[in-house]
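Participant: Sequence:
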Amino acid sequence: MKPTLMILVVLLLGCVTPKEILTGCDHYSGWCNEIRDLAVQSWKYAQLSKNVYEQEYQFKVSDLFKRIESFENKAIDFNAALYQDLESEGYVLVFRGTDSTLDYRRGNNPFNQEQNSYALEIFDDIRKKYGAEKLTVAGHSLGGGIATHVSLNRGNVT
Numbered sequence: 170m171k172p173t174l175m176i177l178v179v180l181l182l183g184c185v186t187p188k189e190i191l192t193g194c195d196h197y198s199g200w201c202n203e204i205r206d207l208a209v210q211s212w213k214y215a216q217l218s219k220n221v222y223e224q225e226y227q228f229k230v231s232d233l234f235k236r237i238e239s240f241e242n243k244a245i246d247f248n249a250a251l252y253q254d255l256e257s258e259g260y261v262l263v264f265r266g267t268d269s270t271l272d273y274r275r276g277n278n279p280f281n282q283e284q285n286s287y288a289l290e291i292f293d294d295i296r297k298k299y300g301a302e303k304l305t306v307a308g309h310s311l312g313g314g315i316a317t318h319v320s321l322n323r324g325n326v327t
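Taking this note's numbering, the leading residue of the sequence shown gets 170, the next gets one more, and so forth.
Some hints here could point you the wrong way.
To be verified - Each computed BS3-like pair below joins lysine-lysine, with the alpha-carbon atoms no more than 27 Å apart:
{"#": "1", "residue 1": "K243", "residue 2": "K219"}
{"#": "2", "residue 1": "K219", "residue 2": "K298"}
{"#": "3", "residue 1": "K235", "residue 2": "K219"}
{"#": "4", "residue 1": "K219", "residue 2": "K229"}
{"#": "5", "residue 1": "K171", "residue 2": "K213"}
{"#": "6", "residue 1": "K303", "residue 2": "K213"}
{"#": "7", "residue 1": "K235", "residue 2": "K171"}
{"#": "8", "residue 1": "K171", "residue 2": "K303"}
{"#": "9", "residue 1": "K219", "residue 2": "K303"}
{"#": "10", "residue 1": "K243", "residue 2": "K298"}
{"#": "11", "residue 1": "K171", "residue 2": "K219"}
{"#": "12", "residue 1": "K171", "residue 2": "K229"}
{"#": "13", "residue 1": "K171", "residue 2": "K243"}
{"#": "14", "residue 1": "K229", "residue 2": "K213"}
{"#": "15", "residue 1": "K235", "residue 2": "K213"}
{"#": "16", "residue 1": "K298", "residue 2": "K213"}
Derived by calculation from the structure, the hints in this document are not laboratory data.
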């Protein structure tokens, strides 16, 4: 009887939830203001990161961005697009992520990262061609890794 009672007590205590979610945040949603601010700033880059795949469904971002140029290197399955931010007049370079088996050999390979090197070349060309002092980079999956690589290896990149 005692073991059954103890198991019952443990199970019932496991069902207890506090009235207040203990996140350390004051917002009623439970999300900290810092997280909410970051989401407000980054949602448009997430939409561009989806649009760069050029699939049938596209987010409508024409009020915010104008697509300026596309970059493709079929030999290494590299794809990216350059957008101009219509509000700030800055530029956003967005990299496509893994979408073929070739990406695993050319982009996700830790020993031979051809796509990262190519992205740096593209970035440098954009800076020269458009006189863009400050560029924002973004991407999804492998594209996010390429964006991180560019931001770590070039100045004035967000």
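Participant: Just to be careful, I want the Cα atoms of K171 and K213 compared with a cutoff of 27 Å; is the pair within it?
Facilitator: Not OK: K171 and K213 at ~58 Å, beyond 27 Å, violated.
Participant: Straight-line Cα separation of K235 and K171 no greater than 27 Å?
Facilitator: violated, 71 Å
Participant: Sort out whether K213 lies within 27 Å of K229, counting only the CA atoms.
Facilitator: holds, 10 Å
Participant: Given the hinted pair K235 and K219, is their alpha-carbon gap at most 27 Å?
Facilitator: With a Cα-Cα distance of about 15 Å, the restraint between K235 and K219 holds, given a limit of 27 Å.
Participant: Decide if the proposed pair is consistent with the structure: K219 and K303, CA atoms, cutoff 27 Å inclusive.
Facilitator: The given pair, whose Cα atoms are some 22 Å apart, holds under the 27 Å limit.
Participant: Going straight from one Cα to the other, do K171 and K229 come out at no more than 27 Å?
Facilitator: violated, 63 Å
Participant: Would you mind confirming whether the straight-line C-alpha gap from K235 to K213 stays at or under 27 Å?
Facilitator: holds, 13 Å
Participant: Regarding the pair K298 and K213, is the alpha-carbon distance no greater than 27 Å?
Facilitator: Holds, because 24 Å separates the two Cα atoms, which is no more than 27 Å.
Participant: Decide if the proposed pair is consistent with the structure: K303 and K213, CA atoms, cutoff 27 Å inclusive.
Facilitator: Judged against 27 Å, a Cα distance of about 18 Å means the pair holds.
Participant: Does K229 sit within 27 Å of K219, going by the straight-line distance between their CA atoms?
Facilitator: Holds. K219 to K229 sits at ~11 Å (cutoff 27 Å).
Participant: Are K243 and K219 close enough, with their CA atoms no more than 27 Å apart?
Facilitator: Distance of about 20 Å is within 27 Å: holds.
Participant: Checking one constraint from the list: CA of K171 to CA of K219, max 27 Å. Satisfied?
Facilitator: violated, 57 Å
In the structure shown, a violation is registered for the earlier hints numbered 5, 7, 8, 11, 12 and 13, in ascending order.
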